[in-house]
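Undergrad: As a plain string of letters, each chain reads:
Protein chains: 2
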Amino acid sequence: MSNLRLLHVGLGPLGLRIQQDLLDKGTGSTVAAVDLDPQLAGRSLASLVPGAPDVRIAPSLAALTNWEEIDAAIVTTSSDLARCGETFEQILARGVAVVSSCEELVWPWLRHAQLAERLDQTAKRSGAQLLGTGVNPGYLMDALAVFATGVCKSVRSVSIARIQDATPRRVPFQKKIGAGLSPTQFQAAIGEGWLRHVGLGESLHFVAHSLGWPVERWSESIEPVLATRELECALGRIPVGHAAGVRQVAEGWSGGKRKLLFEFQAAIAQSEPHDRVKLESEPPIDLVLRGGVHGDVATSAIVLNCIAPLLSARAGLHTMATIPMAACFDPRAAGR
Amino acid sequence: MSNLRLLHVGLGPLGLRIQQDLLDKGTGSTVAAVDLDPQLAGRSLASLVPGAPDVRIAPSLAALTNWEEIDAAIVTTSSDLARCGETFEQILARGVAVVSSCEELVWPWLRHAQLAERLDQTAKRSGAQLLGTGVNPGYLMDALAVFATGVCKSVRSVSIARIQDATPRRVPFQKKIGAGLSPTQFQAAIGEGWLRHVGLGESLHFVAHSLGWPVERWSESIEPVLATRELECALGRIPVGHAAGVRQVAEGWSGGKRKLLFEFQAAIAQSEPHDRVKLESEPPIDLVLRGGVHGDVATSAIVLNCIAPLLSARAGLHTMATIPMAACFDPRAAGR
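Each protein sequence line maps, in turn, to chains A and B. One point on numbering: in my numbering, the residue at position 235 of the first sequence is 235, and numbering is uninterrupted. One point on numbering: in my numbering, the residue at position 186 of the second sequence is 186, and numbering is uninterrupted.
Keep in mind the hints are simulated off the structure, nothing from the lab. Keep in mind it's a predicted model, so treat the numbers as computed, not measured. Possibly wrong hints are sitting among the right ones.
Just so you know, same-sequence chains aren't split out, so a pair can sit in one copy or run between any two.
[Said to hold, decoys possible] Cut-off 20 Å, straight-line C-alpha distance, at most; resulting in silico cross-link-like pairs (SDA-like, lysine to any residue):
hint	residue 1	residue 2
1	176	198
2	124	251
3	257	331
4	278	330
5	124	31
6	278	291
7	257	332
8	175	253
9	278	297
10	257	330
11	257	335
12	278	290
13	278	3
14	257	165
15	257	333
16	257	43
17	124	239
18	124	312
19	257	296
20	124	220
21	124	313
22	278	171
23	278	121
24	257	334
All chains should be built: construct the whole structure from the sequences, respecting the hints.
TA: Next comes the structure, spelled out in structure tokens:
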């Protein structure tokens with residue numbers, strides 16, 4: 001497993017973190033890298049991540065010359081599946097499996113059913129596998145909840161909450177949740193489309209489908225979490241009445257009842273951060289991850305941990321519920 | 001999925017509960033049943049579980065005449081893999097997949113490596129799958145912990161606790177944990193081999209293997225939880241100083257360090273029952289199932305929920321970490 005030879009497409013902040021973690025974990029080595037950024041093309045991966053292999057970053061997949069060396073690909077380019085579709089197609093057509101952090105790929109049938117069908121066909125024809133994953137969507141608000149139902153005889157409703165304290169997070173994350181914006185600025189940012197967690201609808205449909213629940217209706221709301229006292233964060237001072245962060249709620253109806261409730265909240269100075277899956281079920285399940293799960297570390301980890309189980313699965317488009325579970329395998333301890 | 005036609009071997013208390021739950025869930029129907037008990041042979045399954053199909057209970061697998069109708073088998077006969085081996089062999093040889101509650105089958109390589117190898121070969125040759133599962137071992141103290149590591153970059157240690165209040169449980173369970181026994185009786189019962197939770201060692205090796213940790217040394221202890229005040233339970237009065245239940249602890253060493261700690265405790269009047277997986281890891285994980293998970297309901301549920309994912313997996317001997325996740329799928333809501 002430690003001999004996996006990887007192609008990596010997309011060397012932004014998440015991509016570089018994954019490269020660093022791959023070095024630290026030793027679960028594979030990068031033999032090809034692609035990024036569209038002209039500033040990166042031609043540079044060595046080792047110049048971005050000290051200790052990484054001396055692999056020249058190609059400007060496009062078409063420029064790669066060593067496809068026969070590649071066992072699997074990591075794609076960390078965009079949340080928008082439509083923008084990743086061509087990249088996935090090209091890699092899959094070479095018979096190479098793809099794990100991607102593309103949020104919409106976690107449940108691609110919600111917004112891109114036709115593209116999902118095409119990717120599935122390409123993957124099956126080429127004998128390759130495709131998976132979208134991440135800490136959320138991909139794990140905390142979907143796969144973990146489905147996994148929790150495994151010990152249930154019946155489930156009547158699913159409530160999932162991810163409540164995060166953004167204080168210790170990176171500045172880009174604090175910006176993305178609207179920290180510091182006035183209510184007017186907050187609304188404008190929503191309109192511009194950059195202020196929101198992508199994937200709540202995907203998570204909701206992932207869970208509903210896994211339980212056999214047709215979704216008759218669903219909704220998603222977004223609003224600021226307003227500072228009730230003056231706050232400080234890496235972005236600066238947040239006055240009372242300005243946004244400390246964002247709160248998004250998705251609800252889903254099946255069989256005429258509201259059976260799905262998903263709450264995502266991330267704010268500066270958020271008290272009692274946690275992740276929770278609560279099932280009205282037989283037996284009842286109340287699963288809590290105390291303190292929550294740090295998103296940046298976890299998304300990189302789960303992308304890497306999913307490669308081996310994905311490669312063991314049948315060819316085609318997968319979800320976290322159709323491959324064997326990802327585990328934090330240590331090849332060095334195992335002597336591999 | 002709801003049309004699955006099942007063979008059920010072993011109609012003891014767990015087997016009958018599974019039959020009842022299968023009726024309630026509608027995820028399949030029983031077309032063949034076997035039990036060695038001469039009291040049961042020839043009787044209709046419907047006489048044991050009202051509403052169940054009118055299937056005559058056969059005294060042995062050899063007496064079955066409708067193998068071609070069977071999609072999968074449930075085996076609920078014994079915790080001891082050596083005693084189940086022949087049953088598994090015969091069913092697998094017919095090309096029929098098997099899900100069993102046999103505790104030792106959850107990680108069969110610990111105590112029955114040769115038999116495990118033989119079963120794997122038979123399964124592969126016949127194109128069938130074999131899985132041992134249950135709430136514990138099979139889920140709470142092994143699969144759930146491995147699943148939790150999926151979002152980790154690295155794991156340094158794993159601590160798992162299952163702390164149960166036995167007060168509301170069935171009398172056979174209260175007996176099995178030694179409730180009411182004097183310390184002398186308790187020790188004698190351990191010697192007789194019937195007083196213990198089976199599977200702690202299996203769970204420990206399951207987790208270690210999944211993380212790539214060679215187990216250099218491991219140990220398991222068992223002791224009574226002594227009543228510190230007079231207690232009442234379905235078995236009667238428990239005097240101070242007698243056993244209220246059992247406590248078992250398994251520890252495992254890898255890389256020269258104690259990296260695995262498994263605590264199982266079940267006692268009358270146990271306060272704060274819960275299940276917990278605590279990882280020293282990056283990011284840190286502290287997963288708690290508040291109130292715990294009711295074992296009787298959950299074991300039946302997970303056996304049934306594993307049939308579909310097992311059938312989707314490759315032929316061979318599986319574990320909970322090598323098949324896609326089990327979910328509580330509702331075929332009636334899905335219109336199947």
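Undergrad: Within, between, both or neither: how does the pair residue 124, residue 251 come out at a Cα-Cα threshold of 20 Å?
TA: neither (34 Å within a copy, 44 Å between copies)
Undergrad: Within, between, both or neither: how does the pair residue 278, residue 330 come out at a Cα-Cα threshold of 20 Å?
TA: For residue 278 and residue 330, only the inter-copy Cα distance (18 Å) is at most 20 Å; the intra-copy one is 32 Å.
Undergrad: State whether the alpha carbon distance between residue 257 and residue 334 is at most 20 Å within one copy, between copies, both, or neither.
TA: This pair counts as between: shortest inter-copy Cα distance 15 Å, intra-copy 49 Å.
Undergrad: Is it within, between, both or neither when you check residue 124 against residue 239 at 20 Å Cα-Cα?
TA: Result: close neither inside a copy nor across copies, 54 Å intra and 66 Å inter.
Undergrad: Measure nothing new, just compare the shortest in-copy and cross-copy C-alpha distances for residue 124 and residue 312 to 20 Å and report within, between, both or neither.
TA: both (14 Å within a copy, 16 Å between copies)
Undergrad: For the identical chains here, do residue 124 and residue 220 meet the 20 Å Cα criterion within one copy, between copies, both, or neither?
TA: For residue 124 and residue 220, the Cα distance exceeds 20 Å both inside one copy (34 Å) and across copies (47 Å).
Undergrad: Is it within, between, both or neither when you check residue 257 against residue 333 at 20 Å Cα-Cα?
TA: between (49 Å within a copy, 12 Å between copies)
Undergrad: Can you give me the call for residue 257 and residue 332, within, between, both or neither, at a CA distance of at most 20 Å?
TA: between (50 Å within a copy, 15 Å between copies)
Undergrad: When Cα atoms must be at most 20 Å apart, do residue 278 and residue 290 count as within-copy, between-copy, both, or neither?
TA: both (14 Å within a copy, 10 Å between copies)
Undergrad: How would you classify residue 175 and residue 253 at a CA-CA limit of 20 Å: within, between, both, or neither?
TA: neither (32 Å within a copy, 44 Å between copies)
Undergrad: At most 20 Å between CA atoms: does that hold for residue 124 and residue 313 within a copy, between copies, both, or neither?
TA: both (11 Å within a copy, 16 Å between copies)
Undergrad: For residue 278 and residue 291, with the copy left unspecified, which applies at a CA distance of at most 20 Å: within, between, both, or neither?
TA: For residue 278 and residue 291, the Cα distance is within 20 Å both inside one copy (16 Å) and across copies (12 Å).
The structure shown violates the earlier hints numbered 2, 5, 8, 13, 14, 16, 17, 19, 20, 22 and 23.
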